[in-house]
Amino acid sequence: MTAMTVGAEVGAPVRRAPLLRLFRSELRMILRRPRNIIGIGLLGLVPVVAGIGISIAASGSSSSDGDSVDGLAALVDGNGMLLPIFALVLALNMLLPLTGAMLAADALAGESAHGTLRGLLLAPVGRGRLLAVKAMGVATVVLLSIVLMAVTGLVTGLLLLGGDGMLSSSGTQLPFVDGLGRIGLTIVLLTVQIWALAAVALAVSAYTEHPLIVIVCSLGLLIVSGVLSAIPALDWLDPVLIISSWESIGEVVRDPLDWAPLGEGVLRAVCYMVIGISIAYGRMLSRDG
Amino acid sequence: MTAESEPGTVAVGAATVPPAARTRGLRKVYRGTVAVDHVDLEVPAGAVMGMLGPNGSGKTTTIRMLLGLVTPTSGEVELLGHKMPDGAAHALPGVGALVEGPGFSPFLSGRDNLLRVAAAEPLLTSAEIPNAVGEALERVGLAHAAGRRFRAYSLGMKQRLGLASALLVPRRFVVLDEPTNGLDPAGTREVRSVIADLHAAGTTVLVSSHLLSEVEATCTHVAVLNQGLVVAQGELSALLEAGTANLLVTTPEVTLAVDALREDRVAARPVPEGVLVDLTATTAPDVVASLVRAGVPVHEVRRQRTGLEDLFARLTEDTAVADLADLETLLPEDAR
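Quick mapping for you: the protein sequence lines, in order, are chains A and B. Residues 1 to 289 (full-length UniProt numbering) make up the first sequence, in order. Residues 1 to 336 (full-length UniProt numbering) make up the second sequence, in order.
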């Protein structure tokens, strides 16, 4: 990141804009963009809508006793602490990847399209530092969106669906604090997975100035890996598919926790992050401003 | 190819001061297309250098390489004494630039956009930022529109905001790529006065343009690019005065006119459009007086552009771009 200071022919110290100031400015820009505000706000509404839906479905069929809602949703009814986890897993299918890809697309390709990347390079913000600030900005806002969903989900769940503690998918009842822990774990696991996808998106973003290409590539990657993982003859591919980790996220509500698939998912995500950021860095060094 | 002038011949007193920017044998190839080639440019410290050339002549590519935005295919760039692009962290804080039009986020206000530029500016401490932004907006006359979104700005306002961001802090070297693009005459005058102020303050300015009139009005030095080559470079006045002045007389009585002028010891020769008179030893009023005395009917007398002036004009004002072979015959010896 500080490669430029090494080997500079003049001994005078290089003045740089502080990293924290750049990061704050980056966050301010992302969070001032109307489209992002609306997007994140809608994400926050997803658990609320899901909670209301489940609550209506449950109360409407309470007279006919029982078989009202199926699957995970059935589990959530009367078990409000599961709502944030339910909503997050729901959003993992499309909304959260879309958010991550969109933020990564704006970060480099979008800035390049607006001509603002040039301004930052001319300031100058070193290319490595610029990528670091961009990656931190994307990562922070992804985390923020997921936390927001968890909070609105938890509040909606407790208010509308009630319940005491968290009912695990194994049928045991977890105390409230353990329930919060499981929600926290879900936040961490999902955030890491979306970071992985966003890192790949950032690599694409470093290569183009069309944000749409970044979004198409990222979602295309998900769809292709979904298709590949569905073909039994290609099972040997599963360990490298980003989507393999996502299927195991539901494990967080098992009691006791099985850490093996979750840990494997995190490891896979970290690999994707390392690869994505490395490619993005390599490209940033040679990219025309 | 060999038409570029020697960098050493420009700016007499500048020999001791290192130039603000210097390039040697700069070449950039984009996917097999040569964008610029053999560019040996020297921007003397304190000069206002105009980079003149038609669209696609390599002005912006040269500027981008100068600023380290693009890595040259071959050749060297020195900016404020630092090798580019490796010395960017040292050189660029002293440089303000407006390249390829103003680049800002459309959804942020003018002020927020400048705050963002300021956050990335190494020479500003966090405490100085609000003042610097306010002053920059004031300087370009955008203070009243600072809260409006960039998207809603007119072309001229966008250009001014770009200027404001280039001049956010005092610079040693300011690079303006077609700064008057999209500006109305009043805006153009303001840009000229900004350039004049910078020049008066000792700042070196490099300004690109495709208009000779633009460069004539503001620049002390000029470099002319065509098809990726520097075809002339040096002090503007010296280059414009190079070559001999001619007068083109349109008359039906060509023979009579030539005879009358030769009798008065004025060099003249018939050309398809009329009579071409050499003005090195005489002046236009004298020529006209001679013709009238001899009873020659004169329809029109026009000062004909000299070699370089004609070259500039053809490169920068005509739509048809002279091809290179044409250029080399056009260039007089004294351009070298």
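No lab work stands behind these hints: they were computed from the structure. As the structure is a prediction and not an experimental result, all values here were calculated from the model. For glycine and all other residues, C-beta sits at the position ideal for the given N, C-alpha and C. Hints are not guaranteed to be accurate.
To give an idea of the interface, some chain B residues facing chain A are shown, with a C-beta separation under 7 Å as derived from the structure [to be verified]:
no., residue
1, Tyr-30
2, Val-70
3, Pro-93
4, Val-117
Against the structure, the hints come out as follows:
| no. | hint | in the structure |
| --- | --- | --- |
| 1 | Tyr-30 | 9 Å, violated |
| 2 | Val-70 | 5 Å, holds |
| 3 | Pro-93 | 6 Å, holds |
| 4 | Val-117 | 6 Å, holds |
Hint compliance for this structure: hint 1 alone is broken.
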